[in-house]
Structures are given as C-alpha cells and as structure tokens.
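Participant: The chain contents come next:
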Amino acid sequence: MELLTPNLGTFFWTAVTFVLLLVILKKVAWGPILQTLAERETRIKEALEKADAAQKETEEALAKNQKVMDEAKKEAQDLLNKSRKTADTTKEEIIQKAHSEASAMLEKAKREISLEGEKAVDEIRKQTAELSVLIASKLIGKTLSQKDHQDVIDDSLKQMELN
Amino acid sequence: MILTQTLSWFLAGGGVQEGHSVEQQGSSEPEKLGSEFIMHHITDHKVFDLQVFGIDISITKHILIMWIVSAMMILLFGILFRKPKMVPSGLANFFELIIEYLDQEIMKPFLGDHSRKYAPFLLTAFFFVLFCNLLGLVPGSATATSNISVTAALAVITFGMVIMTGIKYHGLVGYCKGLIPPGLPIFILPIMIPVEILGLFTKHFALAIRLFANMVAGHVVVFAFLMIIFTFKSWAIGGTTLLFLLFVNLLEVLIGLIQAYIFTILSAVFIGMSIHQEH
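Sequences listed follow chains B and V, in order.
The first sequence: position 96 = 96 (the numbering used here), numbered continuously.
The second sequence: position 203 = 203 (the numbering used here), numbered continuously.
For reference, chain V alone in the conformation it holds in the complex:
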C-alpha cells in the first residue's frame, strides 16, 4: 500500500539512501532526513498557484483530496438516496443503517425534536470527516483532516452553527445571558464571564485540534515505521516492522471511524447545549 508511494520516493533519490551513503558524516543526518520524509508526507503541497487580492488561496493537495471526497459523497449518496425505496437493499441498506445509528445515538438524544433540522449538517460532517480519514490511508493520497486549516474550518463551521442556533432560540441577548449559569453570586461573575466565554472558544478549538492531532499522530507512526525499514535495511527487522505497520494501518481505520464519530457527537452536543442552555 504505502510501500509503493515510499518506493517511488525512494527511487527518486530519497533522503535516507543518501543519508546512508554518507553515513560517516554523522548519525544526525539520516534522522533529520527521516523527519523531513515524514513531514513531507504529512504536510500540504501546492498544486496550483492562485492569488486573490494578495491573499494566497492556492489549490493544494489536501484541497484536491477534499474535492475528490466531496465528489465521491455526492455521487454515492446522490445515487443511493435521491429516490429512496421504502425497502432498501444493498449499499443503500448499509448506509441507511449508519444514518439510522447516528440518528438514534447522536441526533435524537442530544437534539431531540430539533434533530431533523440539524441532521443534514451532522451527517455531512460525519461522512466528510470519515471519508477524508479513510481516503488518507490510500497510498498516493493525503489526509485532508491532518491539516490544521481543514479541521479549523470544520470547527469554525460548527461554532457558527452553535452561535446561530443559540441566537435563533434565545435571541442575541438571551443567548449571551444564558452562557453564564444562573443563580451565581455576583462576586463570582467577574471570573465566570471570562471563563464561560473562553470555554465557548476552547470547546471548538479542541474540536479542531483533536481531529488534527489524532490524524497526524497516526500518520507519523505509520511513516516512522516505514523509516525503520529503510534505516535498518534488514529482512528480520523489516518483516517485523511490516507486521507492526499493518497493525497501525488497521488501527488507523478504527481511529478514522472513531474521530469522525467524536467530531459529529461533539458537534451535536454543542448545538444541543445552545438549544437547551439551562443544562
């Protein structure tokens, strides 16, 4: 899987080979190149330069991946769900199962009667994050969700949804008042007001960081294991590492699923909290 990707990089004169050929120069050399290799595969790269009013809005690899994911989602769900059958079959059945699960486990418990209104957002968020996570495991592609800008944008959209929901149900003043728990003594208020406002931002900041960090960490581990193979160049160590690599890759599938679920459930919780402020 990822081997082909690494191999192509390797044949193109990748860092480690050079590092080994000039081993005498110092042991820090391959390490540096190794970390460069990892960074190269995790960070984003420009594909097409684009500047508007002096702002760099170039199309990068992660953006392309997101577009591929979006196209896949529109095609897949468009074909499956545009004219839904009363009795589903095949793939539609499978995805309906997931949607029903999310509906029962996330939307109904946290949003109650309002779940129908927020279902499209939560479903889009879940499948978008999930597909980005999973597509990131395909060799040659990249993980858009391991880009802090991408997760930040998603978290900001959730933040916007939360604020809009709060203002819609309680009004601007009512929502701001509701942020502070009622019945507090007045002398605590100077502490509580900044804490609550900060908390509002921290929650969504954490939402972005959690997804980003989880996806980066997984890929760093994957590439680090790859580096071990090419550093030691030994069949025994390489074979063992390959097993570990397989394990970590499978773990990545699980983490991709869990992180998509967590992102969705937390979004639902935050929206639910701004509907029912008293809790």
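Here chain B stands alone, though its shape is the one from the complex:
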C-alpha cells in the first residue's frame, strides 16, 4: 500500500528540513526568547524579593516608630506621675510645716501670754503690797524705814504665797 510504504526521498528531505529548521530557529528565535524568559524570571523573582524586603523594612520602621512613641508616652506618663507625686509630697510637707509652725507659734504665744500674766500678777502683787504699806504707814503716821518697809512687804508676800 502506497500509504504505508516509507519513501526514502521524503524521509531524507524531512530530516534535512527539520535539522535546518532547528538550527535556524535556535539561532533566530529560541536562543533569544529562552534567554529573555530566563532573564524575566530572575527579574520577577528579584523584584518580588525586593518588594518583600521593602515591606519588611517598612514594617520594622513602623514597629520602631510605635516603640519610640510608646516609650515617649510612657516617659511622659512617668514624668507626670513623678511630678504629681512630688507635688503631693511637697504640698503635704508644706501643710505639715505650716501646721507645726502654727502650733509652735500658738504654743509660744500661749507661753508668753501666761508668762506675761504671771508677770502682771507679780507686778500687781508687788504694787498692791507697796500701796498697802504706803497706806498702812500713812495710817500709823510713821514712816517706816526702808528696811522695815521691805520686811513688811516680804512678809505679806510670803503670806500671800502661802495662801
């Protein structure tokens, strides 16, 4: 059958055609396009890697920023707390001091008042005694000597104190 009989001429020409086609296409088309495909592949890979790296960097920077901000916030809070505390203690101290000063002053004033009072009472007593001696001497018409005078006063004062 003609259909199934191999023809040497056709076989020969097919082989020649195919091999020539392969050589020409390899030079003209497959070489450049395969090169380009490989290049494109590496380029896309590199671009993706770069994008990944950039994203990572951005994320890191963001995290860093967040951290710095957090730290700053914390510091501010600390500072606020500290100053609040200091203010509180200072206030407390001032109040305490004022209180103690006030009470000290009060105490002093009280002491002074009582001292003055005692002094005044003493003076009054002294005056009263002198006055009474004066009145008494006038009454007895005789001027007591200085010494007698003193004795009488001391006696009467002693008696008063005893009372």
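Hints listed in this document are in silico derivations from the structure and should not be mistaken for laboratory results.
List time: in silico BS3-like cross-link candidates among lysine-lysine, alpha-carbon distance up to 25 Å:
#1 V:Lys117 to V:Lys83
#2 B:Lys82 to B:Lys97
#3 V:Lys168 to V:Lys108
#4 B:Lys126 to B:Lys110
#5 B:Lys97 to B:Lys110
#6 B:Lys119 to B:Lys158
#7 V:Lys117 to B:Lys45
#8 B:Lys64 to B:Lys74
#9 V:Lys85 to V:Lys108
#10 V:Lys108 to V:Lys203
#11 B:Lys85 to B:Lys97
#12 V:Lys117 to V:Lys85
#13 V:Lys168 to B:Lys27
#14 B:Lys45 to V:Lys108
#15 B:Lys147 to B:Lys126
#16 V:Lys203 to V:Lys177
#17 B:Lys64 to B:Lys50
#18 B:Lys56 to B:Lys45
#19 V:Lys46 to V:Lys61
#20 V:Lys85 to B:Lys45
#21 B:Lys26 to V:Lys108
#22 B:Lys85 to B:Lys73
#23 B:Lys138 to B:Lys126
#24 B:Lys82 to B:Lys67
#25 B:Lys26 to V:Lys83
#26 B:Lys138 to B:Lys158
#27 V:Lys85 to B:Lys50
#28 B:Lys27 to V:Lys117
#29 B:Lys27 to V:Lys83
#30 V:Lys85 to B:Lys26
#31 V:Lys117 to V:Lys168
#32 B:Lys147 to B:Lys158
#33 B:Lys56 to B:Lys67
#34 B:Lys27 to V:Lys108
#35 B:Lys85 to B:Lys74
#36 V:Lys203 to V:Lys168
#37 B:Lys26 to V:Lys117
#38 V:Lys85 to B:Lys27
#39 B:Lys26 to V:Lys168
#40 V:Lys83 to B:Lys45
Keep in mind that this is a model prediction, so the values were computed, not measured.
Using the hints provided, position chain V relative to the given structure of chain B.
Facilitator: Just chain V now, kept in the frame of chain B:
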C-alpha cells in the same frame, strides 16, 4: 473550505460522477472510486523529479508543505523573538505563553536542569508538528504529518537525540548497561536484554505511527464524509453531513494540537529517561 478543493476535482471529471453515470455496471464501482479519491488526497505526489546516485529524492507536495511551514516558522518566530522585549505584547505574548507552558509542563518536569539544552529541539518539534497538522486542514494543501516517511524521520531524529543524550551522560558502555534495569537475576537476562533493546525501538516506532495514524484517520473521516455528499446527491443528507464535516474538521484542529503536544511530551520523556536511566 475543502469543498472548493473537491469541487475542482469534481469538475475535472472526478471518479464519483463517472461512477454514477455508469451505475448499472455494478455497485462496487463508486466505492472503489471513492476510496481512490480518498487515497489521492491523503497520499503524496511528486512535484519535481530528482535523482541522486540512483536514489529518488524527488520533491513532493508534502515536502513543499514542510518548506512552507518552515518558512512560516522562521518568519514568524524570527520577527517575534529575534529581539525579545522584557514586556511582551500581542502575538509575541501569545507564543511566549505557549513556550512557557511547554517549559513548565514538559521540559522542567521531565528534563529538570537540562531543559534549557533540549528546549530548542522540543520547541521546534512541537511547532513544526503543530503547524504541519493545522496547515493540513487548509483546502488545497496537504498534511505532511500524515506521511509515514515524514513522521518516521521525526521519530528517528528523536531517537538520535535520545541515543546521543544517553551516550553523553553515561558513555557508550554505561548507556548500554543502563538500558537493562539493575538487580535482575541472571537467568532473566537472556529475555530482558532483547526486550529492552526492542523496547527502545518500539517506543520510537510508536512515536512515528501514532502521529501518522492520527492524522491519516482524521483526514480519511473528513474525505469519507465528503464522499457521502457526492454519493447521495441529496440536500437533506448533504446538509446533515456538512454539519458532521464541520464537527470533524474542528475535531481535527483539536487532534492536531493534541498530537503535537503528545509528540513533544513523549520526546521529552524519552530524552529524560536516557538522562536518568535509573528510573
């Protein structure tokens, strides 16, 4: 499409008309002429006589078709890929897609790191077979891949590639040894050695026959449907057959694509097998 071709043959006094005019002579007459018509369209024809040292190397129609296909491929891929752009567009994009698909689906899986070296051969084989198959569907042309000599030559080239690859990676002795699976008992060897050697040839023989048979079968069906139209000469049957014809023709496009793919993938598998003999 094919109608014009048939019509010209018909007007030139084709077999069936004569067969019908002399119907009384016997019903076997149109059948014989019909098969002749089919054979005429499938077999090759000499275009230019050429003899070298007594060997007939005449230029035939199929060879001319192959040259047309080759010229088309060189022009098309030369223009598209000689100075490839990093960002492809249009037709270059389309063909790059196919090349990338073949690279990912055929070359990388079966050839691995060696894929780059065999890519030109596999790409040429794929597009050559594909374009021959598809050009065969154009009226007035012929299918070079439905010629057993053509497919045999392609299979022999693949066979040569396989043998050369094997010898390159394992040496002549190593390759021959590697053909027989290791670890076999000695008494099986007298059977296994012929089987393996035969298998080596059968694989490539099948490669040639598969492509040839598929392309012939498709065209026989196409022309057989055409014969039905001219045998019955009825509008109803002719119309229905025309639909079938269209369907078969579209199927032929698919088969042309599938056969080109199969030829390429099997070539890659055979080359891969001779690189990694242990599998």
